[in-house]
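Student: Given chain A's structure and the hints, the job is docking chain B onto it.
Number of protein chains: 2
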Amino acid sequence: MSLVSAVFAASLRRRGPLFYSMRHRSLHSGIEYPLTHPIYTIWASNTSLGKTLVSAGLSMSFLSSSSISRKRFVYLKPVQTGFPEDSDSRFVYRKFCDYVSHKPLPFSVFASNSVLKASASAANAVLRMRCPVRNEGFGNEIVREAGNSGNGLVNVNCYEERKLQGSESSEIELSPQSELVCKTMYGWQEAVSPHLAAEREEALVEDSVLLDMLKKCLVSGSVGTSSDMKDSEVIYVIETAGGVASPGPSGSLQCDLYRPFRLPAILVGDGRLGGISGTISAYESLKLRGYDVAAVIFEDHGLMNEVPLLSYFRKRVPVLLLPSIPKDFSDDLISWFEKSHTVFTHLKEIMLSSFLEKTQRLHEMPKKACDIFWWPFTQHNLVPEEKVTVIDSRCAENFSVHKSCDWIAQQFDACASWWTQGPDANLQTELARDMGYTAARYGHVMFPENVHEPSLELAELLVEGVGKGWASRVYFSDNGSTAIEIAIKMAFRMFLSHNDMLFDHVNADANGSHLDLKVLALRGSYHGDTLGAMEAQAPSPFTGFLQQPWYRGRGIFLDPPTVSMYDGIWKVSLPEEMQSQKSGQEQLSFKSRNEIFESGRDDSSLASLYASSILHNLVPFLYAKGLSRIGALIVEPVVQGAGGMQMIDPLYQRILVRECKSRSIPVIFDEVFTGFWRLGSESAAEMIQCQPDIACFAKLMTGGIIPLAVTLASEAVFQVFSGDSKLKALLHGHSYTAHPMGCAAAVKAIKWYKDSNTNMNLISESRLLQELWDPELMLQISLLPAVRRVLALGTLCAIEILEEGSNAGYASMYVSSLLKKLHEDGLYMRPLGNVIYLMCGPCTSPDTCRHLLEKVHARIHEFGQLKNKPVICAA
Amino acid sequence: MSLVSAVFAASLRRRGPLFYSMRHRSLHSGIEYPLTHPIYTIWASNTSLGKTLVSAGLSMSFLSSSSISRKRFVYLKPVQTGFPEDSDSRFVYRKFCDYVSHKPLPFSVFASNSVLKASASAANAVLRMRCPVRNEGFGNEIVREAGNSGNGLVNVNCYEERKLQGSESSEIELSPQSELVCKTMYGWQEAVSPHLAAEREEALVEDSVLLDMLKKCLVSGSVGTSSDMKDSEVIYVIETAGGVASPGPSGSLQCDLYRPFRLPAILVGDGRLGGISGTISAYESLKLRGYDVAAVIFEDHGLMNEVPLLSYFRKRVPVLLLPSIPKDFSDDLISWFEKSHTVFTHLKEIMLSSFLEKTQRLHEMPKKACDIFWWPFTQHNLVPEEKVTVIDSRCAENFSVHKSCDWIAQQFDACASWWTQGPDANLQTELARDMGYTAARYGHVMFPENVHEPSLELAELLVEGVGKGWASRVYFSDNGSTAIEIAIKMAFRMFLSHNDMLFDHVNADANGSHLDLKVLALRGSYHGDTLGAMEAQAPSPFTGFLQQPWYRGRGIFLDPPTVSMYDGIWKVSLPEEMQSQKSGQEQLSFKSRNEIFESGRDDSSLASLYASSILHNLVPFLYAKGLSRIGALIVEPVVQGAGGMQMIDPLYQRILVRECKSRSIPVIFDEVFTGFWRLGSESAAEMIQCQPDIACFAKLMTGGIIPLAVTLASEAVFQVFSGDSKLKALLHGHSYTAHPMGCAAAVKAIKWYKDSNTNMNLISESRLLQELWDPELMLQISLLPAVRRVLALGTLCAIEILEEGSNAGYASMYVSSLLKKLHEDGLYMRPLGNVIYLMCGPCTSPDTCRHLLEKVHARIHEFGQLKNKPVICAA
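Those protein sequences? They're chains A and B, same order as listed.
Counting from 1, position 271 in the first sequence corresponds to residue 271 in our numbering; the numbering is continuous, with no gaps.
Counting from 1, position 174 in the second sequence corresponds to residue 174 in our numbering; the numbering is continuous, with no gaps.
Next up, chain A with everything else stripped away, as it sits in the complex:
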């Protein structure tokens, strides 16, 4: 680091790490807001560009528009500095009152302005200013109960209201009464950036607290208190402070701070010299956080800034011009607001129609999806429209989904979107910027015989990371399935090269069709859906003739021993075949999960049982004269994912690998699911203390945002393909091999996971994740009568629901009703038969995990009780 920046780095160390790690980490209560009316956020490309004038103008045009229904305009200012001298909510309130006094509306309007909380110094200033308060009528100027509300912020009971009589309203109100509600959420006294003011006035507010307050403000007006406003037209406007990327009170940039809501935006641009650039850049910062910008509006300075802006926006974003704002405010801007009225009306119309368009689209999406999609692994007949989840966005681990009752609500993505997800909110933002950068820098570029930085950097990270100690080569492809096909091709060639006799045979018979190469695999394993990957899986309904008539199942499939916690105790469960062969001396129960991974078990009698069982199965293929041979071993180390979240006894896998390696059978680890801290360790291979010859990675590798897969290989494997002819090379490739965006995403994600500055879960000494799923809670769950077994490992928490003997199908019905309840609790889950699971990212806080697990515990407990009842009745 440079000299000068080092100086600041010191100050950053003081408050920095907190600065960028606390964002959203403690946000538990979940974002939600109604979609019954528009809610917009007003942003600006710089300070002092007239956001508040736009808010005020909008309130006037909205509330004065002729319509028979009553109207409600809510203005929220979450963060106000320079308070109470400056108060944008007071400005909007007063300008509106002035305007209406000057130009009365036909109907009455009830206007109010209030302040919720302020720093102590700001609150004292309020006292000095003798601000109006609630319940004392208009004009009464006493402040009460400036009680402390923690973190140096105090409640401020500062309130003013006015009823503006309509020109056509009789003494007994006939026409509907409209409302203007202005609110400041938090005020600080110094007229500086909120993060500075909050620090200096020792009145901090965490992002999660601020968002909770904002949620309350958005929700309170919509239900409950103002239920009489049900038939009214409502619009909410939230005005930010400063520019789009100005820090909020915690130091988080506001565009990041408000991101969980992802409300549509109005951008107040800059009409001055240099303003084109500032407006475009601010727009791009908003886009880079996933915001939709409904309109850009700015003050005309006669520089025709609108021309290049319209060119830039093409037809996507309307650009509106406000008349020049007079420097002289003597007439209280009334004539300016009058002059601007058509522009504001136009802006309001854009906001209303854009909102309408969006909500209409959200409503029709389920039907359209049912009509046009062909979902994978889905029987469409079983998915009626109302079961379709409309995902409007994702922020970190959470989906924002549209509920048909017209709410946007948050759901924790507990299936980690098919086990791919890694990002927290900060990583998602960084990935988004990196994706923009990489697309702009490279798009995609041809890979063979070429090199580009993201591919090289990723290869280096992989060989030094998940491939450390054995891998030296990186082969890129697009997904786990293609990575497996490549791995099998590598392994078979390697195997043939080790078996000269076979190789001679192949050379003699160029088609080699007499040689029947098989893979050794475990029953219950899953390696992908393309034919070559399917062939390495044991027959199942997923591989049947109806699914793929070409499938033959070209493997020897072994039944492995599994491990889980049963009723609070870790136990090995032996397959039938071993049951009959065991001596009874074998240790099958363990005090802790760690004990299971200990290498000391290698000398146990269980190890002998495993070894003899494995050899028994291998022998026919090792010494036969026939040409049916085992050309590769393929396993998912530690946990079989699609096979029902089954943990295989690591001892068994270690012995299996050893036996194959000693017989020159190349070993493939399918770490597509298990890689990159999915199970708490960078690779699952580390956990079983084995090294493969070939390993496949995908899913979490790119942070879960974009497809990319790699097949790592040892130098020995690579060298088998070396020769004079291209025909000896591995002739397998896909168009987007090593595409720069995928590589760049992977580089960022892998670095993020393994840096304890960014991944708070990382125990830097052990290179392991801390325990994410509360062990005590897991134990409690394992003891529930409805639960057969539990397994918590790294980011995975799996719970198998008990199937009751003859009562077939009961468990799955039970599971689906359980998941329905958990869905209502905000957990998006998908079962694997009678196994339910929660999966978080490597950076998800243990607090969040505990919070989720408590919900699961409560629901299973509740259901267990329901379940017991009918059993008793039936007896």
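Derived by calculation from the structure, the hints in this document are not laboratory data.
Any given hint could be a false lead.
Remember, identical chains collapse to one label, so a pair may be satisfied in a single copy or spanning two.
Straight line, CA to CA, 27 Å or less: simulated BS3-like cross-link-like pairs of lysine-lysine [as the list claims (entries may be wrong)]:
#1 K368 <-> K387
#2 K358 <-> K387
#3 K339 <-> K163
#4 K358 <-> K728
#5 K820 <-> K582
#6 K726 <-> K821
#7 K726 <-> K468
#8 K358 <-> K726
#9 K358 <-> K103
#10 K821 <-> K216
#11 K403 <-> K820
#12 K368 <-> K468
#13 K327 <-> K215
#14 K368 <-> K726
#15 K754 <-> K661
#16 K339 <-> K820
#17 K215 <-> K103
#18 K728 <-> K216
#19 K855 <-> K754
Tutor: Then chain B, alone, in the frame of chain A:
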């Protein structure tokens, strides 16, 4: 569009389309610049933040640093408005002279300032100002030869120079003499945004012209004239005008304008209130164009803006603070420059070390790549380090590659990076922003039973576009190969449902293993490298036992008739089998390419020949009692790509499809290569006037930036999978199914290709691309003795080099030496055996294509002559 924006849209229509389409379109000469010394661009987040002070400060710290070698600091100001009153190059020149006069350096410095071109009015003002000119000595103030240089810009021979004697230099110069060279490229008189000044002064300069001039300025100082500076330390600084996204003279935003060079950036930020936001947004706009930012520097206003900035940048970008700039310039800022000296020295060091790091990395990349990559389709033994291409970036159709002689040079990506590429420069920028937005909004989200906007919008576009008239369902996957595996699964199930007897058989034998389902395919076709896709291809070295021991070739492979231009005439070439059966009445030559596609040919005698040949091959599988049946037809419509860019007679494919459809054999079109205007039409299916039951798309679909594939299906195919059980559904999926970024890229790209406002090549009435490859030039090439045949269709131009009978291998050697020459000409090409091809994007201008084709023509012509010689010698 809204009312207000409609007003501006009118003015946009006047100059708008030009505005955003001419960017880089006419840039032919290619970007290149030396990497022997650093070249930086100075950007700012707004106007008036002190870019020129930074440039001046850098010149002082660079030229005054103690070192034995001579130094050269070149300052370039490409665009200057307010000229000649304002001249940043004069400011840098004069401040430097003042500074050195005040604080002499130990050695002499030769300083100069010049202006190249200006608008007529600015040039007249120069005359009035009596500016110093070249060759008249210092201080002589006459302007000469203000000759017109087109577009209202005139040459300005405005020049001043000074020799600043060193404090330690004797009368006979012993110590090295350093240089400060300041240059303004273009000046306009009005002090407004360059695009406005250029318009008002009627002195436009196109982007390509400006970039050419900049290239000259960057190159001229490095070679030739100043060859005596070879051992000196050199640094170039280019100062932009206004903010990062301020328009340049043509109206293009400067961050877009300079993008082809992608020079490293120094960002001058904003230390004022609101400056955090402006600085971050400007940084993000630069990143969104693929720029690397080496440092951020800004004036300290006491607001501690550096703290949130350092937090935002983490450790990636150093942040430097400049002392407050005095409002009073009375001492000519000399004391300010003195105070800032350490900061500028630090900035200079960052610039030098960052440059060194980058060039070192570029140098080691080839070796590292050879050591760690395992390239697909590549025999590593045949790729020595020096053959590795280091791709530093891509801009539209061009790579920027690092040449070992330390140049960055441009190469046209004539293989369209494995046939994926679609974007022009504008589309690439838009895709980059969309990628950032989509990653921020969604990352990736689970797809089955869910819907998100990009997936739905894409599905709608596909069904209304390439699937129009037949497709109703969209199945997502990751690449062409997986899309084909899915298609085959669909087709087989469809086939079984149509053949009750077989279906009963399958039901009786759950494994169905007695039924041998085959695909009907054309020899020479290619469908991907996963096993299922490979099985649909005819045996070849690519499918041999060594490559995939599991391959059997489960198809019936027909030899198709092909079409190309031979010696200026379009001819059908019949396969051997048909040769013997033809009547002699068949029309095999055509006047034009269009004639070949005419449906009138359906009644020709050639059509009968085709039909009988096809039936002859089908019969054994249609009526046999055996269980070997054809379950699907799969073809690449119109052109087989990997098979050597062979155009199949459309008549033959039409008849083949008809025969299969009439026998309920489902038809799959593999449009992975041919789709999305690759061949000049949105889908190749349109060109043969057939509709498949299933079709696969990928490659161009996402604009060539990110992997995504789809399998489209008719409703009839979809319904076959409908039932009560999930087991009847299509159980095939990949983790990133319908990932939002891929879908969003596809939505943007497809819309871009098919909108004649963005794709200038689109003939809107016919929905076809205009002819991109000059027909006359193609004809000339076909007549060259070394050429066997040519084929130009849409974005594809293929040329087969003649193989001479026994002289096997000659053609491929010939091809590789030809490509080596074309590589030197700036064309990045990869051959397919003895076929070379050029592939552009759907939006590439015919000018660019002609320019490329001329080079190819010249080289083949040249080689043909070389080739003829040895033949004569041998005779």
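Student: Could you work out which of the previously given hints the structure breaks and list their numbers from low to high?
Tutor: The structure breaks hints 4, 5, 7, 8, 9, 13, 15, 16, 17, 18, 19; every other hint is satisfied.
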